[in-house]
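Chain by chain, the residues run as shown.
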Amino acid sequence: MNIFFLIILIFFSGAILSFIINRIAPKFSGITTFVTIAVVSFLFFTQVEINSITQFSLGGIQMQFGVNNYTYIFAILVLGLSLLASLFSIKYMQDNDRLGYFYSNFILSIAGMVGIIFSRDFISFFIFWEIMTWSSYLIVIYDGARSSRSGLKYMIFSAIGAYAMLTAIVSIKGSYGTFIISEAIENGAFNFTDHIYIPIMLLVGFAVKAALMPLHVWAPNAYSKSPMSFTAIFSGAMSKMGILGMGLVLASVYSHSTDENAFNVLILRQILGWLGGITAVMATIYALIQTDAKKLLAYSSVAQLGYIIVGLSTGTKLGVMAALFLAIIHAVFKGALFMVAGAVERQVGTTDMTKISGLIRKMPFTFFTALVSIIALAGIPPLGGFVGKWMLYEALITESNNYFLVIVIFFSSTAAFMYSYRFLFGLFLGQEEKEIEHVKEAPVTMIIPMVILALILIVTGVYPGILFEPIAQGMQYLGYSDVNWDMSVLVNVWGEESNMAYINLTIGVVFVVIFIFLTLKNLKGTRYVGTKDISTSGEIPTENENLTFQLDFFKPFQRAAAPLYKRSMDKIWNDLGNALEAIFDFTRRIYTGNGQTYALFVIIFLVILLIFKNTLFTN
Amino acid sequence: MTELIKEQHLLDSLTSAFKIKGRVIRDRRVEVFADKKMVSGILLFAKKQLGFIHLAHMTCIDWIDENKFELIYTIWSPIEKIHLFVKTKIERENPEMENIDSIWDQANTYEREIREMFGIQFPGLIGEQDFALEDWDEMPPMRKDFDTKKYALETYYQRPGREDAKDVRETISERSGTKVPDFAKKYSREK
Amino acid sequence: MINDKDSQKIVDYIQNFARKQSLFVMAYGTGCGAIEIPATMTSRYDAERFGIRGAATPRQADVLLITGYLATKTLKRVIRVYEQMQEPKYVIGFGSCTINGGMYFDSYNTINALEQYIPVDVYINGCMPRPESVISGFVKLQELIQQGKADNGKKYRENLEWYRTNQKKIIKNWKMPDYNW
Amino acid sequence: MEDLGLKIFGAILTTILGFTVGMTYGGIVRKLTARVQNRYGPPFYQNFLDLLKLQVKKTNIAHGFMGHMAPVWIIIAAVTVLLFIPILNGNLWFPNMSFHGDLIFLLYMMVFGSLGMALGAGQSGNPNSAIGVSRGLSQMVGFEIPFVLSLVALMIQYETTSVQELTQIQHETGVWNAISNPFAFLAALFASLGMFRYSPFDIVGAPAELASGPVSEFGGKYLGTMMSGGAIFAFIKLTLYVHLFLGGAGNPDNTGIIATLLGLGVLLIKTFTLYMVPVFYGWINPRYRTEQAIQYFWRWPTALGIIGVIWAVYS
Amino acid sequence: MIREKETTLYLGPQHPGITGNMMVKLKVQGDTVVKATTHVGYLHRAFEKLIEQRNWLNAFTLLCRFCVPEPDPMELTYARAVEELDNREVPERAQYIRVIVMELARLQSFMLWYAGQAGSAGLYTLGQWSVGDRNYILDLFEELTGGRIYHMYIWPGGVRRDVTDTWKDKVLKTMDYLEKRQDDYNQLMFDNTIFQKRAKGVGIVPKDKAIEWGVVGPPLRGVGIKSDVRIDEPYEVYDKLDFEVPTAEGGDIWARALVRKEEFRQSISIIRQAIEKMPKGDYYNKVPNPMKWVVPEGQAWAKTESVRGEIGFYVVSNGTNKPYRVHAKGAAYTHGVTVLEKILPGQNIADISFIMNSLGVCPPEIER
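If you're matching them up, the sequences are chains A, B, C, D and E in order. What the first sequence shows, in our numbering, is residues -14 to 604, in sequence order. What the second sequence shows, in our numbering, is residues 45 to 235, in sequence order. What the third sequence shows, in our numbering, is residues 283 to 463, in sequence order. What the fourth sequence shows, in our numbering, is residues 348 to 662, in sequence order. What the fifth sequence shows, in our numbering, is residues 31 to 398, in sequence order.
Here chain A stands alone, though its shape is the one from the complex:
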């Protein structure tokens, strides 16, 4: 049997199996999921050959399965993160109901992503895309009424994306007569001259998943409302499917358009870049006023995706490389951070940063993961996050001449320090109060995936070349020739370098020297005291007083940046939505908020389009 079909089959049977096992022994449902993903990963990395293509036809439509160097990057990302997340999920979801529902959808969404990676034609691409969307939607509304509104938002935006994508696909078939992606590209579907709307429609479809402004509205709520073990994948991997598509389309647009510097290409580049930049800024400044750690991370994800899109929009070698590198690193650290949030949620019961503080001594490993991931997120040397940020800046400054975008990105990135600190401070630092005395460290199966992700971040900081290798090959597939990379030296086009080996060596040596000096010096006289022993001006606080600074942490910044907070994109969409709700009351009967109805609706639409495709789009 073909390895691709086998993998898909394993996924589907795993989904069914975990659903059934939950009825018998709920405990093993999670383990089944983990085993399924482990088996698939094993099969994928041992059996699948890169650039092998399987052709088959379904209902008279030619279809292709296969993996190329470009999608291979995403395969590593998806499977690796899913494996860790499913391991994490076993204990995390332990005490919840409806585990079968959760796990089968969990597997299905991964199946969708892997399917997208395999698909080399638009039909299977779209089908798997929808599988991914539906199953993730079902997980978003897993919590029931509490999350139904965010689920509705997610569904509506996904529907917009799906229709945009479908329109583009059908038009490609109509105009170029093929569903095979590579053929369509070769036929000039993305040359951005005759059918400009095709790539744009596709980009809109992908941008919804990649949470690009103004289509990001669903993301913060959907990310924070679904279970954290899934959000790790949702934000880490699933959003990267949008990046995958965008990367493909943009690379083709840039390389296939007749004149690379044609006016409309430039416009597209600028618009995408600025949209990405504005996404990054707005999401960042909204992230830093959040009080819920999950929501903070969700907004932060949107911001990080903004950077990636900026990188992709440049279309230059360093820019795309930065984008792909950031995509992987973002999956790693955001996966780790959502797992941290999940661990805290499981052990403490909440992730509201105004309610908890001082977990550092209770959950040291979780804190370690959070610290490393936050350093990577903030882009501070020497971790992997810095490598990505460095390449992005260098690309913008040296190659794309988009100088003011640099400032926008830098503003967002500096402001990111603020919410990074807010996250660490809110959960782990501050007073150790009585309320958290009972808290213990998360179970081992939750610690292991987190720490592995943290270690990956450290290793990629020292040897970013590990990731450069697949990325360079993937970029060659996209049409970039001579992609240079070095194991631990970053070079820009002007020849300046940042040598991670030197940097890490210096940091390491200084760290060891100073740490030993500071620890050993006067060791006898050094005392570690609790957080209650602080100077409160000589007074002794009473029991119920709160000594941790939690509310409105960045109030001065909010006041300084008040104009930016004035008009929220959410509000615009809400107003729009309310208006639409009032006008199209009948749509509410179709959009009942029930997943199945939605699924049925999409299928009916798809079938209708396929039936009438010849009459509609013959030219």
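It should be emphasised that the hints constitute simulated quantities derived from the structure, not laboratory data. Since no wrong hints were added, every one of them can be taken at face value.
With a straight-line Cα cutoff of 20 Å, these simulated EDC-like cross-link-like pairs (lysine to aspartate or glutamate) come out:
{"id": "1", "chain 1": "E", "residue 1": "LYS372", "chain 2": "B", "residue 2": "ASP145"}
{"id": "2", "chain 1": "B", "residue 1": "LYS91", "chain 2": "E", "residue 2": "GLU242"}
{"id": "3", "chain 1": "C", "residue 1": "LYS437", "chain 2": "C", "residue 2": "GLU369"}
{"id": "4", "chain 1": "B", "residue 1": "LYS125", "chain 2": "E", "residue 2": "GLU242"}
{"id": "5", "chain 1": "B", "residue 1": "LYS112", "chain 2": "B", "residue 2": "GLU160"}
{"id": "6", "chain 1": "C", "residue 1": "LYS451", "chain 2": "B", "residue 2": "ASP179"}
{"id": "7", "chain 1": "C", "residue 1": "LYS451", "chain 2": "B", "residue 2": "GLU198"}
{"id": "8", "chain 1": "B", "residue 1": "LYS125", "chain 2": "E", "residue 2": "ASP269"}
{"id": "9", "chain 1": "E", "residue 1": "LYS322", "chain 2": "E", "residue 2": "GLU82"}
{"id": "10", "chain 1": "C", "residue 1": "LYS457", "chain 2": "A", "residue 2": "GLU418"}
Use these hints to put chains B, C, D and E onto chain A, whose structure you have.
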């Protein structure tokens, strides 16, 4: 005294409105003696009708011989420029007085102090229990029968030479063995 | 070759020199003597010449300057602040009130002898002591430090029981964290 | 590697130089401040005595692991940045590694220390520290904008992101960047006011409400180590400015001892003059509130920075 | 036990930003104060109880220590209350000397205010200058009374010592110097944009509530109400001197600062006039043996204008050689508790020390 028309007029208006006694002390000084229950009425009247909008101060005197506390409310009219003293005497046993912090917000502070220092209760008084003292479990200290010197000698360590709180000159001369000169004795604090 | 004893002497000398030349004074005006501290720190008297400067929190301070009488309520805070300071720490009693109660000897709310509650290195007498006497008190403290005689943090730690008994006699509602260093 | 020994020697030499100069500048500023305030002032070496005293404190209190680590982070950031900026242009005695790290790296590395400090302050659990950190981070977003704008202007004007290159270019052409792109220089100068945290931008540790802000709970060896880090950072910022805008110091063609000393002298004169700008400004100004400080940076300095970038593009 | 949402900040007692030994407990949300409560008593020395143990003149040693930054108005107010009880006349020369001493005390207190107001906003240079220059006034006091801070100079019936012509010259010279220096201070403080930004619109005392809350002195004049004991109820020889009582509109820190800036000038002018107009004559009305001095039975209320506002003494005598009851009410009594608690909510924590300095909160005056 012809210049005291203003003051006399004020006294007249007060005595006609309430059945109280009072007198003009000198220029800018008028005092009235009121019953405990009438005080808040008088104060409110003075504030609303006569323009005495400023509570200059409020204090308490412990008349231990009479077994009474005297409460004095001093109010000031910025327009007339007259001080009005409203005085009332209350029983020393289980003293209780009407709370006037609804008339003047700042009265709260005075009342807290008087509650702590004299033990007079003001029902409905909000605010911190302690004003100046912390964990005080003795008699309210400003009462005349509280002996602060005795308390201090019992509670605090007294440095040798200071334990009897004698005149310094006597102590020095005692220590050095010389006699206290007569002129020094004359001015000794201990009588 | 310098033997261990001599080298220890040199090290001690250097350490004590640094300690005496850099006195961070706890910014805690406990009583009315606080009014002469600004004068001491400013142009005419300029205590910074001697390395004396203010420190905002007890963790950074070396010298606790008790500027005058101590009400019992303040004494509790002073003990708390003193215990939070890091050794070596010094206490200067400033004004007659810290020595024998001064003119408040019969007050029910002020203590009369500071060294009963926290160890005192140097007393400065007078009410109020002039900035010159404050500086001379500091110079005296510097001499003590250089000679290695000012180590009252240790004294406090070793005689904690005695000090605690004295303190608890006055502070009735004892709700203080433990002193553990 | 035969030059490894030289590199290590150079690194140690650079660190010692940065530390000494930073501390001495701090002492001189204290002295000068005293003179402005009609006082005699402490000796110029007072900071060394303070540091020594802090290091020989007999007890040291830490509020946990991050509290213990905070000074370490600051020193890491300080020393690493110091080693990656050129002290003297092309001098063998200071074999810096600025070829191996460029401006973007330096920008981010400088934040490393602040974040470590913030984490240590956060673990102490003192609300004053947390408020100080909140103010510090907010203010950082303020002054980083004009600073980065001025750096971007330089980078695109000379098509290089390396400090070494920028210095070399100034050395070769003989025209300081402060003259070739005055707007960028001014933007960076305004930003430097915020960086040095003198008045009016010292709200982070404003004693009037926060005691000593983020360092409220640090004393003894921790505070001492932080002080050393701060001193090195002061030197770093000054040296970076000098090399970016004021023509740098040192002659790559002549690396003899006399030339080295001469270069050092030039460096010291330039850095000290530059240091006087925020210090002077601090003497005569009260402090801004946080939001006022941020808005200050986002007005004229940012406008100057944007003009600087446009100037760089069209020149 | 439910933990509060707002962070608790302890501003004092051990805090560099607090104006003396007191505590303002703040509940903050973000950097905005939600609730502020003043806690006093750290300086409670039981003055009023102790004075009852001393005789009429011994009380002066305690009195001047009521409020440290400005002890002389305390002496004067008490002396005037006792004079009223004892029907004691004060020679005119003594009255002039008292006015000079009062105004000198006011000046030195203003210089402390300059330091506090500027220092709490981070302008330390001005604080160093003005506190340094304050020593010149303290020198004058020292020469006149023997004490730098506490003088015990004003006694019932006059003053303790006569002034000499050389002292008068020194005072005039010092006034010239201070007048020049005040220009420097003002240039550094009032001409500074940042100071203006910080001070304008912050810590507003509402005009309609001001008198009810017990606001007196410069803060009351800062809301535009012309109220000063020196003109409302002239004491000593203030009615013979020509001076202005400045007011300003707005009730914010800036208005209060403007009032004080002008009052500084007025004080210098008053001192000059008083020295010029001072007649020859006795400086002291002899009392009988101070140890046996019996003051007739009665109650008296006297008030004077100190730098923070009106200070009143209520003195009760039962016809013995000791006061029966002395009650002092300083301006800070209301400023430090009621007014502060009312105006702090909604303010930025960066401004609290600034506001306290501007209101002239002086804790020893509150709890005594």
